[in-house]
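Visitor: Each chain is listed here by its residues.
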Amino acid sequence: NAGVMQNPRHLVRRRGQEARLRCSPMKGHSHVYWYRQLPEEGLKFMVYLQKENIIDESGMPKERFSAEFPKEGPSILRIQQVVRGDSAAYFCASSPSRDSNTEAFFGQGTRLTVV
Amino acid sequence: AQSVTQLGSHVSVSEGALVLLRCNYSSSVPPYLFWYVQYPNQGLQLLLKYTTGATLVKGINGFEAEFKKSETSFHLTKPSAHMSDAAEYFCAVTEGNRDDKIIFGKGTRLHILP
Chain A
126 NAGVMQNPRH
136 LVRRRGQEAR
146 LRCSPMKGHS
156 HVYWYRQLPE
166 EGLKFMVYLQ
176 KENIIDESGM
186 PKERFSAEFP
196 KEGPSILRIQ
206 QVVRGDSAAY
216 FCASSPSRDS
226 NTEAFFGQGT
236 RLTVV
Chain B
710 AQSVTQLGSH
720 VSVSEGALVL
730 LRCNYSSSVP
740 PYLFWYVQYP
750 NQGLQLLLKY
760 TTGATLVKGI
770 NGFEAEFKKS
780 ETSFHLTKPS
790 AHMSDAAEYF
800 CAVTEGNRDD
810 KIIFGKGTRL
820 HILP
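Quick mapping for you: the protein sequence lines, in order, are chains A and B. Quick note on the numbering used here: the first sequence kicks off at 126 and runs consecutively. Quick note on the numbering used here: the second sequence kicks off at 710 and runs consecutively.
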């Protein structure tokens with residue numbers, strides 16, 4: 126059973142370019158979370174999605190960031206016009222249901238570097 | 710809104726010594742609590758979780774944690790540290806609301822001294 130798959134593992138973008146981060150949840154999981162990790166700051170919640178629905182996007186910056194989880198295919202976190210401050214590790218997690226006593230399973234992350 | 714505070718961003722213990730990583734939470738309703746471990750350049754792996762029932766929870770790799778409602782704490786312990794325990798540890802909370810996300814602490818990096 127493949128775990129949560131994120132790609133690419135490392136992504137380098139120049140300022141002003143777009144970054145697209147992909148997350149394929151575990152088989153049978155229909156709920157996806159995105160987190161951003163900066164050194165010494167832990168994981169910051171960004172967005173929680175179910176297939177074709179955004180459940181909670183309270184952690185998403187108001188501009189340049191968007192996320193989707195289509196009926197078919199992976200979840201995408203999209204960052205437009207990247208800036209140096211977007212450099213971080215972005216983690217995706219999936220769970221089988223909305224029952225919050227079910228733990229989320231994490232991918233290995235995408236490390237975004239903006240140069 | 711719920712929150713998590715982990716005391717000590719870095720903790721060092723000698724191999725064979727007791728490991729104690731502290732976590733305090735804030736929640737307006739009975740919480741669900743988790744400890745995750747992250748090895749370098751890896752994602753997070755669940756160590757253990759508390760939802761309901763027994764307040765002393767045993768996890769993988771010899772770790773355990775005790776939910777103490779009166780102290781709003783969920784400290785992680787291991788009787789005898791091993792070199793392979795060196796990693797970053799995150800405490801997390803949800804409020805049991807079916808729409809709720811997982812909120813993480815800032816993490817504690819555990820160093821094991823030979």
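I should point out that these hints are in silico values taken from the structure, not numbers from a laboratory. It is possible that some hints are incorrect.
[As the list claims (entries may be wrong)] Here are the computed lysine-lysine pairs in the BS3-like style, where the Cα-Cα straight-line distance is at most 30 Å:
| no. | chain 1 | residue 1 | chain 2 | residue 2 |
| --- | --- | --- | --- | --- |
| 1 | B | 767 | B | 778 |
| 2 | B | 777 | B | 758 |
| 3 | A | 176 | B | 778 |
| 4 | A | 176 | A | 152 |
| 5 | A | 187 | B | 778 |
| 6 | B | 778 | A | 152 |
| 7 | A | 187 | B | 777 |
| 8 | A | 169 | B | 778 |
| 9 | A | 196 | A | 176 |
| 10 | A | 176 | A | 187 |
| 11 | A | 187 | B | 815 |
| 12 | B | 778 | B | 815 |
| 13 | B | 758 | B | 778 |
| 14 | A | 169 | A | 152 |
| 15 | B | 777 | A | 152 |
| 16 | B | 815 | B | 767 |
| 17 | B | 815 | B | 758 |
| 18 | B | 767 | B | 777 |
| 19 | A | 196 | A | 169 |
| 20 | A | 169 | B | 758 |
| 21 | A | 187 | A | 169 |
| 22 | B | 767 | A | 176 |
| 23 | A | 152 | A | 196 |
Visitor: So, against the hints stated earlier in the document, which numbers end up violated here?
Guide: 3, 5, 6, 7, 15 and 22
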